[in-house]
Structure formats: C-alpha cells, structure tokens
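Colleague: This is what each chain is made of:
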Amino acid sequence: MGETWDVLVAGGGNAALCAAIAARRAGARVLVVEAAPKFYRGGNTRHTRNMRCAHETATEHLTGPYTEDEFWDDLLRVTQGQTDEDLARYMIAKSSHMLGWIGEQGVRFQPSLGGTLSLGRTNSFFLGGGRAMLNALYLTAEKLGVEVRYDTPITALEIDNGRFRAAILNGTTRIEARSFVAAAGGFEANLEWLKESWGDRAENFLIRGTPYNRGDVLRMLIDAGVEPVGDPTQCHAVAIDARAPKFDGGIITRLDCVVFGIVVNSEARRFYDEGEDFWPKRYAIWGRLVADQPDQIAYILFDAKSLKMFMPSLYPPVTAGSIAELAGKLGLDAARLEATVGDFNGAVRSGSFDHTVLDDCRTEGLNPPKTHWARRIDEAPFYAYPVRPGITFTYLGTRVDRHARVRMANVGPSENMFAAGEIMAGNVLGRGYAAGIGMTIGGVFGRIAGEEAARHAVG
Amino acid sequence: MQLADHHAEAERLMTICNACRYCEGLCAVFPAMEMRRSFGAGDLDYLANLCHGCGACYVDCQFSPPHEFEVNVPRTLATVRARSYRDHAWPGFLRSLFDHNGLAISLAAALGVAGFILGFVSWHQPAVLVEAHRDPSSFYALMPHEAMVTLFGTAFLLALVALAMGFRSFWRAAREQIPEPAGGGSLLQALRDAGTLRYLDGGGVGCYNEDERPTDNRRFYHHLTFYGFLLCFAATTSATLMHYLLDMPAPYAWYMPPKVLGTLGGLGLIVGPVGLFLARIRRDPELNDADCSGIDTAFIGMLFGTGLTGILLMLLRQTPAMGIMLALHLGFVLALFVTMPYSKFVHGIYRYAALVLYALERRRLGSKADRS
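Residue numbers (the numbering used here), protein chains in the order written: chain A, 1 to 459; chain B, 1 to 372.
No lab work stands behind these hints, which were simulated from the structure alone. Hints may be right or wrong, so weigh each one.
[Claimed, not checked] Which bits of chain B does chain A cover? Going by a derived footprint, with three or more residues having C-beta under 8 Å, they are:
1. 25-38
2. 198-207
[Claimed, not checked] To list a few chain A residues with every Cβ distance to chain B over 10 Å, as calculated:
3. Gly27
4. Arg29
5. Asp69
6. Glu70
7. Asn135
8. Gly171
9. Arg178
10. Asn190
11. Lys195
12. Gln234
13. Thr253
14. Lys308
15. Ala335
16. Thr371
It should be emphasised that the depicted structure is a prediction, and the values quoted were computed from it without experimental measurement. All residues carry an ideal CB built from backbone N, CA and C; glycine is no exception.
Chain A on its own, in the form it takes in the complex (with noise of 0.2 Å):
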C-alpha cells in the first residue's frame, strides 16, 4: 500500500523533531519514522546535556555573554580549521534564534550542571537532560499532528537524478513524499562499517549511544550519489570504562582521572604525556590512543590522595593494597607494573600541585613525560579503572548548503533532499568537538531543513 505525504522526516533526535516541528509549522502534513523503539527514540540526543548558542547577554540561565565572533573562534580552534566558514557562521549567527525558538517548542533550561561550571557561560543545559529535552518535542510535535513511527528503518530510497521519491519502511511500506529531510545521525554503532577503518581493532570498541545508530540512511544516500563530506574513517572517541556495556552506556561511564595519575597499557607501560592540558581540553584524544594500544585496553592508575578529586563515574575502581596485588587484579605483570610506577615516581619533580592551573608537578627524564600534576604515586591504597575506545559520533556525512539541501556529487543541490543534525555535521565539525555543538547543529539546521522542505512541499 502507497501513502503519500509533504515531508518524510528519517531519523528521531534533536535535529528531526526540530525539522518536523518546523515543516508542520509550515503547513506540511508530517511523518517521522525512527528506526529505534519508543524507549530508545532520538539517537545521540537522548544522551546530550546542554546546546552551544550565541548570546549577547547573560539570562536566566547564562552566566554571561557569548558573541558570534567568540563562537567561531571556539569552531576555528577546535577543528583546526576544518569547517565551512560561510556555512558555519552562518549558523552560528542562526543560533543566537534557536534558545528562543526552541523554548517555544516546550523545551526548558537550568544552568549548568555541578561539575560542568565552565560551561556556565557559553551552553544552555536542559533540565532534566536530553531525554528531558526529546520527550517536550515529541509532546509538541503530537499537539501539532506530526505522525510518529517507532521501529520503522528506512530499508531502500528512491532517488531519481537527484529527487525523492520515495522511501521504503521496514522492507515493506513504500512511502512517497514531496520533499524528505535526512536527520537519521552517523554510523557510530555499526560496527561493520567502523571495521572498513579500523579493522579488527572496532570489535574491541564500545559504543556510547544505542545500538541503532547504524547510518544506513547516510549509507543509501552516498550510494544514490550524495556528496560525501567530512574524513570516513574517523570518529570521536574518548577512553571509558572498559566494563561498560557495549551500547548506550551513555555518559555515566566516563572518567575524569587521567590528568591525576598514570595510564598504562596491557604490557604495563606508559603510553602519552597524561598531564599535557587541560582535561576538557584532552579527554578526546585518549580514545585514539587506547585504540592503538595492544587489545585496544589502558588503565589509569592512582593512589588515595587523588580519590577524591574527579567526578564519581558508575563502576567502583579496582582497589588493592600495593602495586603488585593491583597489578594481579588487573591480570598486568607484577613486576612490570612495579616498574612502570617506580620510574615514574623517581622522575617526577616536586612542585605545587594544583590542578585548576597548569601547575609545575612535572617529570624529568623520563618518556613519554608528565609534563603537569605528576604526583608519586605511593599512598595505599591503589587504584585503577580499565578503559577502552567509547566512539561517540562519526564525522562522514552529506555535504549541504544554506538551506541544507543536500548535494549531489558532480551536480549541485538537490530538489527536494534536505539533511540535518548529525548526518551533516561533518560540514561545520571536520574534527574535534566542542561540547553542546553537535546539539546547536542539529536544531539550527533541522529548523532550516523543515522549513526549506515544507517551502518546497506545499509552497
């Protein structure tokens, strides 16, 4: 059986709720199909805490003003360049709009969470979190008529010469529509195509979000000639525990410890300079480097005057009376281990340790170093938490312009495709992060895209 609508929306997160809001809005009878259940509807978002939007002034809930210029100085620095310049302050100058419009759409703020002041000024935290967040525009998106569909993959897309068609659902229902706006995320959580990069080395990945963040979609529109953007073989990926679940363990599983002691690997050895910058500023490049360590596996060790210092995390750390005990609970070669520490606590140099400045606790002669907060690591008990890979988000997505039409490789924009969210982050966050952005992507762009789609389904 054929039904026909004005908009099709793939995907259930931030971005296409945003889109189908907008679109229906607009005018546009309105369908969203999510590939996940009703539970595990909105992808990335259900995990998302806060948005980074551009303000001129503190409010309720911001400690302070955040210009334009400061947000593209923060994109600039954090993707080293690789964005889309036009594309991307041309966002950012829509952002300064999205914390209204989207307090019209019923959702709400707070500000920043314990733990999270250094955001106070520049991100816009939910309350209640991203769950919290989704829940208010599926309430509205359900007031205004917007059908939803849980359990309903995308399974094939008729694309002609670049105009939709069609979309088959679950392998059966063929659904036409006027225009179809792609917000269905990244292929964070299939582990097929993370191996095309990464080898057998992505069996030993743990993904953060569910497990339905497969990109098919992203897949079925670069096969229908959709211009690729963004590096396909990366992804962002921080060190977690490595006894998290395999999917969807969410933020719970991070840790904060690194900067306060040593991290080693399976052969009991250090591996990179813990102490180089800041934490925020660093925990993304510990997933890389875990995942070129032998099995993919590291832990951080410390000792009891650091206990106390970072955010609690889910699991308990393995606790042991000296070196050598921890080192059998961690199935690590005593000796070894013993080593690693002993040289480590040999060459560090006294200093003032404080861990808010870039303090002069440092190591010499000894490599790789630790350059600040290096502390001997000698007060019982020891303690330890094994960490793997945690990928986040992937970075290949379809190329867009102004009014996220998606564009066809070797032709140009497309009639009636629009993307949004995640899928064309890659456009304004070639590499790197900065918390709350992928959230400030997916509402700007999802706005534009069900506007842009209903402008062209129903006029």
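Dock chain B against chain A, hints included.
Modeller: Same frame as chain A, but now just chain B:
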C-alpha cells in the same frame, strides 16, 4: 556496614545518578546527592524522604527500564521511604504494624467505632443510638465532654510521644553527613517548601503519573487533604479554647470558627483523598512500590473516613442517625490519632525533617564557589 537490600538498590542508583547529574534541576534529591560520594543507610533514608515521587526523573532518564541499568529512582526511593517509616517507628515492637498496614489501620478504625457504639449503649439505653436528638448538647448526652477530652487527649499525647521518638531516630540517622545545627532559617525554609509542596511539580511543568505527559494534579489534591486536615485540627482546637476559655460549649452556629473551619476542612478531607486515590490507581505501575500501596490507601482512607463522617454527623445531627454517626466519627478520629505514628502520617514528619536538613545543606553549598 552491609546495606539491606532496599538500601543497596538505592545506593546503586545514587552511584549511577551521581555520575550523570542530568536531573539536578528537577528537585532537591539530586543536589543533595551531589554533596555526597558515598551513601549510608541514613543518607538514603534522608534522600528517600526528600523525594516527593513526582516521577520527572523517571521519564527524563536515559537509563530507566528497559535500559539494562534499570534506573527507577521514584520507585526505589518509595520503597526506601516506606521502609524508613517502619525502621524509625517507636516503640520497636510496634514496627510490625507497618507490615500489614491496611489491615492494622482498618482494624483500629473498626475497633474504635465498635468501642464507641458499645460504650454509648452500655452507659445508656440502647435507644440513645437511634433517637432523634433536639437537645443542643446532645453529643455530650452520649459521652460527657470531660470523657471525650480525656480519651482523645491521652491518645493524642501518646501519639505525639511516639512521633517525637520516631523523628529523633530519623533525624539522627539522616544527618550522618550534615554536621550543621538546625537554625531558624532552615526551619522556616522547610516550612515553606513543605507547605507549597515545592518539589511536587515535576521540575516546573507538573508531575508525571500515567505516562510521559505532565498532567498530574496530585499537588492540588494533596493541598486539599493537608490543609483540610489542618482546618479540622484548627476547628477542634478553637472549640476547645471556646469551651474552656470563653465558657462557650458546643454546639456552635454555622458562622462560628469551629463550624466554618470544620466544614471547609471536612470537605477538603473528602475531595482531597478521593483525588489522591484516583491518581494512585491510574499511576504507571513502574513508578510505584507495590508494597506501599497498603500504607498509602489505609492513610487516605482514614482521612476520607474522618472527613466524611464529620460532615455527615453535622448534617444528621438532629436525626435518629446521630448516635451512630457520632460513634463512627469518634471511632475514626480516635483510630487516626492512635495509628498516627504507625501510618503514613509520619511521612509529613520525615519529609519536613529532610527539608530542614536540605535547607542546611543548601546553605553550605551556597558558600562553596566551585564544585568542579
């Protein structure tokens, strides 16, 4: 120390929540949790009694069932809360009254009513129960005022002593990690927070009860119930004062304070508990601790019975039904008083204590500039 099962599950959840913190803006529980890195039994009893069961953290949680972490804070804290009523009850041998609370309280009510009927009949002719009464002081013809005061005064005092001992036990346990002495500011703040049910609003949009739509009216019905109860209490107090200080014995005209307060309060005690009961049976079973439904239903049943019999007694005062209605009403009130320390009544005491402790902790939090 090894935690009991209900505390162990609450500790597991608080460890997860403390690593997430997305819900900290919803209510008092999560900011209080963030001030701790470890959770003992007393801490968990404190957090459980800070929780008003609005359900917002459940619908907002990315780790609630069917997620394998199975984070269900409202239900888990409801279990801990119900157990805290039992664990802090005094004297200890009466704790088992919480085990089959619905039965215990129904029995108390039945015994109360039967006692008054038997009393009236054995002190008078059986006919007094079924006569029409036109004498203005007819209540006291069935039971002398002094006897009423002695009986209810004694029951009330005993309940107060037991409640005070329960409060003491809870207070000592709950302030495990709160060294500050309670001061005027915190008492007042807690009074405001309890009086407005500040934390029963789902973080600002209303509570969740049946699904993820914030449509719940429990705060409204709880206000009717609680302020209805206070008005009834004020009615009785004003009548006692008028009796002894102003030498104005009952009955009172409709516009006199005992009548006005009692009528309004009685209506509150009828409508409020009905609203709360309907909300309870419509509630998503995931949010409820099945074990405490008896405790909840018994208590709102008693309040409803007290309100209904009071209003009926007033309406039927001059009919042959008066004797029975008086026995019913006095029976319910006596049972309510006697069972107070062993019923859900104690939730108000512990909730208030928890809010005082939270106000103390907030002050400490305010003095800390940076927690990161």
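Colleague: Evaluate each hint against the coordinates.
Modeller: To see whether the hints hold, each was checked on the structure:
1. Counting residues of the stretch 25-38 of chain B whose beta carbon lies closer than 8 Å to any beta carbon of chain A gives 5, which meets the minimum of three for the stated coverage.
2. Note: the stretch 198-207 of chain B has 3 residues with beta-carbon separation from chain A under 8 Å; the three-residue rule is met and the coverage holds.
3. Listed as a non-interface residue, Gly27 of chain A keeps its Cβ farther than 10 Å from every Cβ of chain B; the least gap is roughly 26 Å.
4. Once the 10 Å rule is applied to beta carbons, Arg29 of chain A is consistent with being away from chain B; the minimum gap is 23 Å.
5. With a least beta-carbon separation of about 26 Å from chain B, Asp69 of chain A lies farther than 10 Å from that chain, consistent with its non-interface assignment.
6. With a minimum CB-CB distance of about 21 Å to chain B, Glu70 of chain A clears the 10 Å threshold, and the non-interface call stands.
7. Not every C-beta of chain B lies more than 10 Å from that of Asn135 of chain A, the closest at about 5 Å, which undercuts listing it as non-interface.
8. Remark: the non-interface label on Gly171 of chain A is consistent with the geometry, its nearest Cβ contact in chain B lying 24 Å away (cut-off 10 Å).
9. The beta carbon of Arg178 of chain A is kept farther than 10 Å from every beta carbon of chain B, the shortest such distance being approximately 31 Å.
10. The Cβ of Asn190 of chain A sits about 20 Å from the closest Cβ of chain B, beyond the 10 Å cut-off, so the non-interface label holds.
11. The Cβ of Lys195 of chain A lies farther than 10 Å from every Cβ of chain B, with a closest approach of about 25 Å, so its non-interface assignment holds.
12. Look at Gln234 of chain A: its CB is around 25 Å from the nearest CB on chain B, clear of 10 Å, so calling it non-interface holds up.
13. Chain B draws Thr253 of chain A into its interface by the beta-carbon criterion, the shortest separation being 8 Å against a cut-off of 10 Å.
14. A beta-carbon of chain B comes within 10 Å of the beta-carbon of Lys308 of chain A; the shortest separation is about 6 Å.
15. For Ala335 of chain A, the condition that its CB be more than 10 Å from all CB atoms of chain B holds, with the nearest at approximately 34 Å.
16. Non-interface call for Thr371 of chain A relative to chain B: holds, since the shortest CB-CB distance, roughly 22 Å, exceeds 10 Å.
Of the numbered hints given earlier, the model fails hints 7, 13, 14; all others are met.
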